[in-house]
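Q: Each protein sequence line maps, in turn, to chains A and B. No gaps in the numbering here: position 60 of the first sequence is 60 in the working numbering, and each next residue is one more. No gaps in the numbering here: position 106 of the second sequence is 286 in the working numbering, and each next residue is one more.
It is possible that some hints are incorrect.
As the list claims (entries may be wrong) - Below, a list of computed lysine-lysine pairs in the DSBU-like style, where the Cα atoms sit at most 35 Å apart:
hint : chain 1 : residue 1 : chain 2 : residue 2
1    : A       : K137      : B       : K211
2    : B       : K339      : B       : K355
3    : A       : K153      : A       : K141
4    : A       : K32       : A       : K137
5    : B       : K211      : A       : K141
6    : B       : K188      : B       : K249
7    : A       : K140      : A       : K32
8    : A       : K57       : A       : K141
9    : B       : K357      : B       : K341
10   : B       : K211      : A       : K140
11   : A       : K57       : B       : K188
12   : A       : K153      : A       : K57
13   : B       : K297      : B       : K339
14   : B       : K249      : B       : K339
15   : B       : K341      : A       : K34
16   : A       : K153      : B       : K297
17   : B       : K341      : B       : K297
18   : B       : K341      : B       : K355
19   : A       : K32       : B       : K211
20   : A       : K153      : A       : K137
21   : A       : K140      : A       : K34
None of these hints come from the bench; they were simulated from the model.
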Amino acid sequence: MTAALAFIKIAGPMLSAVGAMAQAQQSISAGKAKQEQYNAQARQKRLEGRVDALNYKRQGVEVLQESQRVMAANVARGAAGGINPFESGGSVDLVNQYAMRGASSDFSIARDNAGLAQQMAEQQAYQYELAGYNTVKNAKKTAFIGLATSAAKLGASGYSPSATSNPAPTSASMASGGLY
Amino acid sequence: MAERLRYKSQGQPLRLPQLQFAGAAADAQGKQQVANSLGQMSSFFLQQTNIQAQAQGDEYGALNTPTRKQIEDAKNSGTPLDLPGGNMTVFDRAAKQASYNMAADTLQALAREEITKKVTAAYQSRSNPQALADDIDAIIAGYAGTFEQDAPVLTRSWKAKMGIYANSQFESYAKWKIGQDRQQTLADAFAGHASVDASSVIIDLAETTPGAN
Chain A
1 MTAALAFIKI AGPMLSAVGA MAQAQQSISA GKAKQEQYNA QARQKRLEGR
51 VDALNYKRQG VEVLQESQRV MAANVARGAA GGINPFESGG SVDLVNQYAM
101 RGASSDFSIA RDNAGLAQQM AEQQAYQYEL AGYNTVKNAK KTAFIGLATS
151 AAKLGASGYS PSATSNPAPT SASMASGGLY
Chain B
181 MAERLRYKSQ GQPLRLPQLQ FAGAAADAQG KQQVANSLGQ MSSFFLQQTN
231 IQAQAQGDEY GALNTPTRKQ IEDAKNSGTP LDLPGGNMTV FDRAAKQASY
281 NMAADTLQAL AREEITKKVT AAYQSRSNPQ ALADDIDAII AGYAGTFEQD
331 APVLTRSWKA KMGIYANSQF ESYAKWKIGQ DRQQTLADAF AGHASVDASS
381 VIIDLAETTP GAN
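Turn these sequences into a full structure, and let the hints guide you.
A: Now the structure itself:
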């Protein structure tokens, strides 16, 4: 019983200190793991942005293809009807201009959407990277504060390593009848 | 005849993807954790400071508690004791409490001494128990008055404690006085019937004399 109490008296504060350091280490590790997670999310977001941008570009190409198909059909129809399809200001030209107006609007929107998708994905990825950086920074701060608090608590408990260890018997004390 | 085609607008709107401000959210969450840790740390230091202030207050109050002579002077002059401490800070409250506790002990010792003197005097003079009760009440009230204004709760508790002691002293004296009175009555009765040599008469007298039972 006495030995157990002595062990607790000596090992207790040391275990507390080791535990506090392990806790601080774990806190930083958790922050770094979270940062990895955020970085992965950032990479995924960049990829998503590129895929979205490509999809919008494909939409733009489809718009251009459709407008070409419409204009070609109009030219062919005009030629078949005995109208000069390439006459500037002619009816075929006017119909084609009308078709181009709608197509150019759709193409512009598709192009803008592609740009927005890529830029916003980049912004979102930056946000995730920033989140990871902030998480690690704050985890370090929390760990440091936790360590400082534990050290203060240990100090306030009155623990002193020299006070707990028994003095080693010297030759003089042995000669005068030992420690007891 | 060539096919007649018209361009159909796709009607696509501009799409602005939602942006999640994860950086700021993570920073806020992390700073909240840091704030909590700082709060725990500061509350620990505050607790330590309070403990220290309490100990220092106890020490100060004990060192600066009124002396026996100061208490006697205050009681005789009817002025309240000038005790250290107050109610505002932990230090003040601790000083006040420690000082009151020590002063209460001294007051109790002084009051007991005076009560003992009065009771002894009453035994010697065989005075009326009611007069002794009044004297004891006056002693307790006199000492309690020295710190009643500053510490009413403590005074009440002190009065109750002293009341128990005073009551036991008074009860002993009253019982003794009743016995003495009865003996005196019997003695007087014997003296009045000295020539009668009949024990039955004396017994009858003892039984019928008021206050002799």
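Q: Compare the structure with the hints numbered earlier in the document and write down the numbers of the violated ones, lowest to highest.
A: Of the numbered hints, 6, 8, 12, 15, 16 do not hold.
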